[in-house]
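The task is simple: from the sequences and hints, build the whole structure.
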Amino acid sequence: MSYSTFNQEQNNPLTEPMFLGNSVNVARYDQQKHSIFEKLIEKQISFFWRPEEIDVSRDRIDFNKLTASEKHVFISNLKYQTLLDSIQGRSPNIALLPIVSLPELETWIETWSFFETIHSRSYTHILRNLFSDPSEVFEDIVINEQIKIRANDISKYYDDLIFYTQLLQTHGEGDVVVEGKTHTVTQREIKKKLFLCINSVNALEAIRFYVSFACTFAFAERELMEGNAKIIKLIARDENVHLTSTQHILNLWQYGEDDPEMKEIAEELRDDAYEIFMTAVKQEKQWAHYLFKDGSMIGLNESMLCQYVEYIANLRMQAIGFDAPFENQRSNPLPWMNKYLVSDNVQVAPQESEITSYLVGQIDSEVNASDLGDFDL
Amino acid sequence: MANTFKVTVNGGPELAVDATEGTLLEALEKHQLEMHYHCRSGFCGACRSTLKSGKVRYTTEPLAYVRKGDILPCCCVPESDLDIDH
Ligand code: FES
Ligand SMILES: [Fe+2]
Ligand SMILES: [Fe+2]
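In order, the protein sequence lines correspond to chains A and B.
Per the numbering used here, numbering of the first sequence is gapless, rising by one per residue and ending at 583.
Per the numbering used here, numbering of the second sequence is gapless, rising by one per residue and ending at 445.
Calculated directly from the structure, the hints in this document are not laboratory data.
As the structure is a computational prediction, the values presented were derived from the model and not from experiment.
From the three backbone atoms N, C-alpha and C, an ideal C-beta is built for every residue, glycine too.
Please note that a few of the clues may not be correct.
[Claimed, not checked] Just some of the chain A residues that point at chain B, by a computed CB distance under 7 Å:
hint	residue
1	349
2	447
3	454
4	457
5	521
6	525
7	537
8	545
9	547
10	549
[As the list claims (entries may be wrong)] Derived CB-CB ranges, DEER-like:
hint	chain 1	residue 1	chain 2	residue 2	range
11	A	532	B	411	17 to 25 Å
12	B	361	A	501	53 to 61 Å
13	A	241	B	438	35 to 43 Å
14	A	527	B	411	15 to 23 Å
15	B	389	A	251	30 to 38 Å
16	B	428	A	355	36 to 44 Å
17	B	428	A	474	24 to 32 Å
18	A	266	B	418	40 to 48 Å
19	B	375	A	369	41 to 49 Å
20	B	438	A	495	28 to 36 Å
Structural data, given as structure tokens:
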């Protein structure tokens with residue numbers, strides 16, 4: 207019942223479910239129930255990068271050239287992404303580690319969350335370069351109404367799961383009264399909360415970043431804020447790996463390749479899963495509206511962004527076994543996005559030169575003879 | 360010509376694809392089809408397509424979830440004539 211950091215029970219991780227079986231004891235990867243998570247760990251680690259390697263110094267000049275409405279777009283997106291990665295840098299750990307039962311999945315969760323902390327650190331790197339004191343930007347994240355609505359919708363599923371797991375692990379199954387409120391704690395109830403939580407995280411990784419990505423890459427198409435775009439390109443690549451992991455979890459459950467009870471729950475809560483996704487879609491469209499409330503930017507407007515959200519939502523929904531909800535948005539309204547979402551070929555050893563993370567630091571530092579004008583050396 | 364196969368996409372005309380020249384995704388792009396993709400290396404699932412008939416071979420192991428009947432054109436080549444929905 208209570209969590210142990212080293213479960214002394216002799217268990218066989220090959221027969222455990224992904225979650226809510228025995229807690230993991232030996233961190234061994236020589237045998238795996240779901241080897242995909244070990245492969246995702248390797249993939250994600252091969253993508254390691256450091257924000258400091260990316261030169262964002264030119265962005266400061268570009269930023270000052272942006273119109274007021276473009277500045278609003280840029281900064282608001284950074285705030286929203288900061289929120290998302292603040293949540294993702296801790297929540298998979300806090301919510302999922304206490305109930306995970308497979309070593310490869312446990313380590314995947316830790317790896318995933320760690321990369322979200324790299325994303326968070328990169329926002330500080332970007333903002334420090336733009337403002338001598340970025341405090342105002344950070345402080346607004348917990349005040350800004352638009353961001354708060356989204357924060358609440360994302361964190362509530364995590365918080366609910368965390369709370370019930372705490373009750374289970376301290377009191378066991380049964381009715382527990384906390385501050386005058388009775389909570390009925392059962393393993394099945396927690397599995398339902400887990401299912402909803404993973405669906406919410408899946409929606410986050412699947413679409414919540416894409417309005418913001420589109421704006422970043424639209425600036426880059428105009429050769430503006432390119433340091434920032436390089437960072438976002440690396441973040442987007444990571445997010446695609448995270449997304450694949452949540453899609454695997456959902457599919458392993460619903461196609462009966464893991465816990466049979468989770469298969470039942472996936473059927474029982476299918477409509478809720480659909481709703482969670484569609485709510486995220488709606489909120490992203492509202493976000494596009496908020497971004498462009500004072501005016502569009504060259505190459506992008508609210509309706510194009512909404513079409514793009516629908517386009518992406520179709521792909522993402524099909525990946526977890528739903529029909530495409532937006533039948534008339536089957537083609538990509540922002541084809542230029544794809545060139546920023548392509549991953550570099552990383553099948554080779556990480557020291558090879560074609561890997562972005564080894565090149566990112568040097569891109570902007572080259573000086574041409576012509577840049578020096580008639581300066582005499 | 361043993362490596363050239365006929366590929367039908369979304370019920371369109373038969374397209375000739377040489378399995379020795381790049382991935383199925385690249386081949387279909389050469390035929391001017393609008394293809395869905397992000398990573399182009401098998402981990403994001405954006406290129407996911409339905410294989411209605413035929414056989415493919417993966418040149419890179421896919422990390423995205425591949426359901427029965429699905430293929431990821433960004434990391435496979437045809438091994439027979441194909442009929443796919445994309
Ligand atoms: S484009 Fe990412 S899996 Fe094919
Ligand atoms: Fe992230
Ligand atoms: Fe993520």
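Now for the hints, and whether the structure bears them out:
1. 349: violated (34 Å)
2. 447: Hint on residue 447 of chain A: holds, closest Cβ of chain B at ~6 Å, below 7 Å.
3. 454: Holds. Min distance 5 Å.
4. 457: holds (5 Å)
5. 521: holds (6 Å)
6. 525: Status holds, d = 5 Å.
7. 537: Check passed: Cβ of residue 537 of chain A comes within 6 Å of chain B, closer than 7 Å.
8. 545: With Cβ-Cβ at 10 Å, over 7 Å, it is violated.
9. 547: holds (4 Å)
10. 549: Result: holds, 4 Å to nearest chain B Cβ.
11. A/532 with B/411: 17 to 25 Å: holds (23 Å)
12. B/361 with A/501: 53 to 61 Å: holds (59 Å)
13. A/241 with B/438: 35 to 43 Å: violated (24 Å)
14. A/527 with B/411: 15 to 23 Å: Given about 18 Å between the Cβ atoms, the range holds.
15. B/389 with A/251: 30 to 38 Å: At 34 Å between Cβs, range holds.
16. B/428 with A/355: 36 to 44 Å: Taking Cβ atoms as reference, residue 428 of chain B and residue 355 of chain A lie about 39 Å apart, which means the hint holds.
17. B/428 with A/474: 24 to 32 Å: Hint holds: Cβ distance 25 Å, inside 24 to 32 Å.
18. A/266 with B/418: 40 to 48 Å: holds (43 Å)
19. B/375 with A/369: 41 to 49 Å: violated (59 Å)
20. B/438 with A/495: 28 to 36 Å: violated (48 Å)
Checked against the numbered hints above, the structure breaks hints 1, 8, 13, 19, 20 and satisfies the rest.
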